[in-house]
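Here are the chains, one letter per residue:
2 protein chains.
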Amino acid sequence: MTNEGVFVPRSPYAAPACPSTAALTALPVTAVTLGDGFWGHRQELNTRAIIPHAVGWMEKLGWVDNFRDAAGDARYEHRGAQFADSEIHKLIEAISWDAARGRNDNDEILDRLLSALAGAQDPDGYLHTLFGRPWQQPRFSDLQWGHELYCFGHLIQAAVAHHRATGSDRFLAIARRVADHVCVMFGDDGMNRICGHPEIEPALVELFRETGDERYLRQAKLFVDRRGTGTLGLHEFGTAYWQDDMPVRAATVLRGHAVRALYLAAGAVDVAVETGDDELLDVLREQWDNTVARRTYITGGMGSHHMDEAFGDDFVLPPDRSYCETCAGIASIMFSWRLLLATGEAKYADLIERTLYNVVATAPSDEGTAFFYANTLHQRTEHGSPALSDEGVAIRGGAAGRQAWFVVSCCPPNLARTLASLGSYLATASGSAVQIHQFASATIEAGGARIEMTTAYPDDGRVTITATGDASVALRVPAWAEGATLTSGGETAAVAAGGYTDPVPLADGESLVLDLPLEVRVTHPDERIDAIRGTVAIERGPEVYALESVDLPGDLAFEDLRLTGEARWDGDTVTVRASAAPRREGAWPYDSAAAAAPASGERDVRLVRYHGWARRGPSRMRVWIPTA
Amino acid sequence: MTNEGVFVPRSPYAAPACPSTAALTALPVTAVTLGDGFWGHRQELNTRAIIPHAVGWMEKLGWVDNFRDAAGDARYEHRGAQFADSEIHKLIEAISWDAARGRNDNDEILDRLLSALAGAQDPDGYLHTLFGRPWQQPRFSDLQWGHELYCFGHLIQAAVAHHRATGSDRFLAIARRVADHVCVMFGDDGMNRICGHPEIEPALVELFRETGDERYLRQAKLFVDRRGTGTLGLHEFGTAYWQDDMPVRAATVLRGHAVRALYLAAGAVDVAVETGDDELLDVLREQWDNTVARRTYITGGMGSHHMDEAFGDDFVLPPDRSYCETCAGIASIMFSWRLLLATGEAKYADLIERTLYNVVATAPSDEGTAFFYANTLHQRTEHGSPALSDEGVAIRGGAAGRQAWFVVSCCPPNLARTLASLGSYLATASGSAVQIHQFASATIEAGGARIEMTTAYPDDGRVTITATGDASVALRVPAWAEGATLTSGGETAAVAAGGYTDPVPLADGESLVLDLPLEVRVTHPDERIDAIRGTVAIERGPEVYALESVDLPGDLAFEDLRLTGEARWDGDTVTVRASAAPRREGAWPYDSAAAAAPASGERDVRLVRYHGWARRGPSRMRVWIPTA
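Residue numbers (this note's numbering), protein chains in the order written: chain A, 38 to 665; chain B, 38 to 665.
Only chain A is shown next, with the shape it has when bound in the complex (with noise of 0.2 Å):
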């Protein structure tokens, strides 16, 4: 019944994206150990709270019965959206990569999922716990909301993410099997139709890549070549929605639901550099590069509405009530990755750097027990207490503070997944020579070297590279770096921000170091984003700071703080100074006369990361603080 040993592992590494060819190489987990650190420490709460927290909910709330249910042949209620079952798959993922570091914590229940999962399979291949059985709704009867090769796309992702991590078969198999159904069903002589939420695009790529097998790089294309062709239907958020109203490679700018439409183009680039299009892979550039430019928030987040959780038009990036989901976050950083690994630009990585600190970072409390969903950058009220189903879960999104799950769960086990396999975006290797994207405190293993990252980054900003054995190292300075300095053989020399410093060679044991400068940065945004007019944001590094109340003297309304005066670090955070707008408190808001000028004297205020809010009870933030 199983495929196992009948195929030739291609990319028998454990990273999460492996392109058959690259400008840049990824590395592995096993390559990379993350040290104490800003990312080190979250990657442990990461093994330690999350992933045991997310499994508790899932085996609470059924979504673990469902497969156990669905192995037998007795009549039962399924449990859970129609996108339970992609959750388990996510978080198989996520310990899959935590075992191949060698951090073994999770591993029972790894195996517990995997027997739970591997009964529910039909002898057809299929695999879903929604639909089929005699009294549920037929297989695929239900494009456009059932979720059906959505779930697939995540079991396939996760599987390869096994096999990588692994080398055991168990998983692949099943996901092979899956795999040939979609084929079979969704080829060229089979349903013309597509999934409502891409995912199973970029997935089988990845299984391409794994097995060699071409059938699940033509399918893949398939998806990616049918979608905007109309075959989904009509949607009250109009078809953008799913982005099923132009193809494609017509498309200049990502647009409807932010999610689905990064999942999407993360898989098209997969597919335009295994079928070498440079014109696809050109289209899709495009796209990164209008969407960054018009259509993202300062935190890297996407997505502006709640309503259908979807990229706003241009320029229309309010920061009330900005959506900003973290699985949107997620899947900016997979498309972005992808697009980095294909061209070697560094405005990726850039990309990356500030939604790791400013999206990934935020969404889980300190404890790793609760979540955000939305990442609002302005929160108005302190008593933003969330919708709760039944069963005392939270709904969905909203910015009500971090919750410990959800009905609309996706956030945190695409969380974990991200969190365990994170060293694989820190570093890549090209020829001889390895760039470091991300820094923190780590151990690199590639080119036959090994390489000793030590900082303080984000707090600080001087990073230093050991090599044990001969290595060339080349470092990317942020675009926001101006002033950054290399200091090498004990010559230190200025270099350009925005890219990456020339491959330094390093004889064993040699050392390099590159000191970014850590300004306090007052940020300025376009002047056709209107919802933020006369204001700015403060930044210093690749963290973004918000204005919290519990830091506000009491003297000062939150809604009339004005900024008047500098930003400056005070060695622990940023302090700006500030003074009380004019208010004129009436029954109509709207006035003939424009408000006088602020009366109140100047102050300082402390200003918290914006990751870091929300840690201290309930609490009202702005990103964006007006200007006096």
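Source of the hints: derived by calculation from the structure; they are not laboratory data.
Worth double-checking, as some hints may not be accurate.
As the list claims (entries may be wrong) - A few chain A residues facing chain B, derived, Cβ under 10 Å: (1) E273; (2) R331; (3) D350; (4) D351; (5) G438; (6) A441; (7) V444; (8) A516; (9) D563; (10) D567; (11) S616; (12) A618; (13) W625; (14) D628; (15) S629.
All figures in this text were calculated on a predicted structure; none of them were measured in a lab.
For glycine and all other residues, C-beta sits at the position ideal for the given N, C-alpha and C.
Mind docking chain B on chain A? Use the hints.
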């Protein structure tokens, strides 16, 4: 089977709301005849186009056939949404008001609709086409979303209107049986439940007013008192969505779904007035004050969010995708009107005027065959094509231009009943005095006199009042009308803005003239409305103006336009001075440098009345215009 003839009508005149006690007494629609002019034209359009158009769609979509089918025993497929019945009710109300004024154009339709409806009533009084038959959902099994009591409310309101307009018991008898059923099922000894969508509350009070039967008032009070006690259960958007988060008496501001909140508030005023509950009335006045001061658009529009069609937090009034549902505008007029009658305070009439000119007048197309559902204050793209259903019907609101019909179709029939009864909102009586609230060419019969109002308002600010018979007339002076004068008996005197003039006694044949200054006003928003910081709006009289892309010189991009100088009336519309903003094209829209000073020269740009936008082909539009 009917109660025909058994009750004594207590308010036997044709007005949309007839409180038993009031500071001001409403006039029947029969007492006010609109002449040619802004509103007379639109009322005529309603009779000739809007009503037949709406009825045509409801026949075409099978919503009238729902009633015909429900009269038989055969199984049928219900067409339309849960609230489809209510659209027919609202159209019956509209045609009834027309009939009262002697406009019998649509009487045949009225007869047809009433016949269909009458046959569908169950022996116990229940009348809804979606629930309760053997193959349908059980009655009252989905109070969250079923809209049964909501539909009953519109039925009862329409029946009261029909009775007031025609004197016939034909519909009222049906409505009494519906209401009796509601009192049995939801009374003190019945279910302790409420409807997810308020509307039954004001309807039951009106039925009490029409019949004198106090059970209906008691039932309305029960529904008002029950809301906020959590009987509706949970909701993804929070229980504030349907105002079940706290008791009406505990709230200080409107929140949640705007139409729900406003219908409830209107019904609560009715209950407060009829039960002499001044405490409740004070609470509602405070809710109105806070909602108007913090949660209302300059157009009078209410509701900031698309997702839940809801009010935002205080000062969350983004022009982008401002929802401002047409029905919320109408519901706001209902709430304000009831408070105006109860208190006689001019601020309520001020808001009604603002909402009439900038929401109600904006919604319908020139032909009366297409409508805005949402009334945005900023349209960024020309190609706002809507999502259409299989039948070619727009699915909900959006800002995608006026649409012929909607799947969620509450707005067009709501417009129809409002325009048909508009005369009632022009004037009231109090003792021997007549109060003029709205300015329009019209003949008003009140207090034994006949008052002729002549004006070209809102193009011109002169309003001339001539009496036939002795009269005493007070005129509203809008809050914006600083410098208004009143000429009477050859003497001209200044009158204070934001209130009513003293009543002026007029002998038979005498005139008085109110001159309202229609200076162009440049209006600044409260500093706390973040989304429009650094912008101004242009107003003249009751009309808000907008910048529409079709009026732009070719060398000035819509998003770059900045106001530089004064705004002036050019005899036809408002013209402003403007230049192009600096533009900073870049890969990332956030920068340490603010954009440089404007470079391009100044020029004149014509604005359009907000209600006049989107009438000359596809366009982009904004109400709040950035200043240089």
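Violating hint indices (sorted, rising):
Numbers 5, 6 and 11, in rising order.
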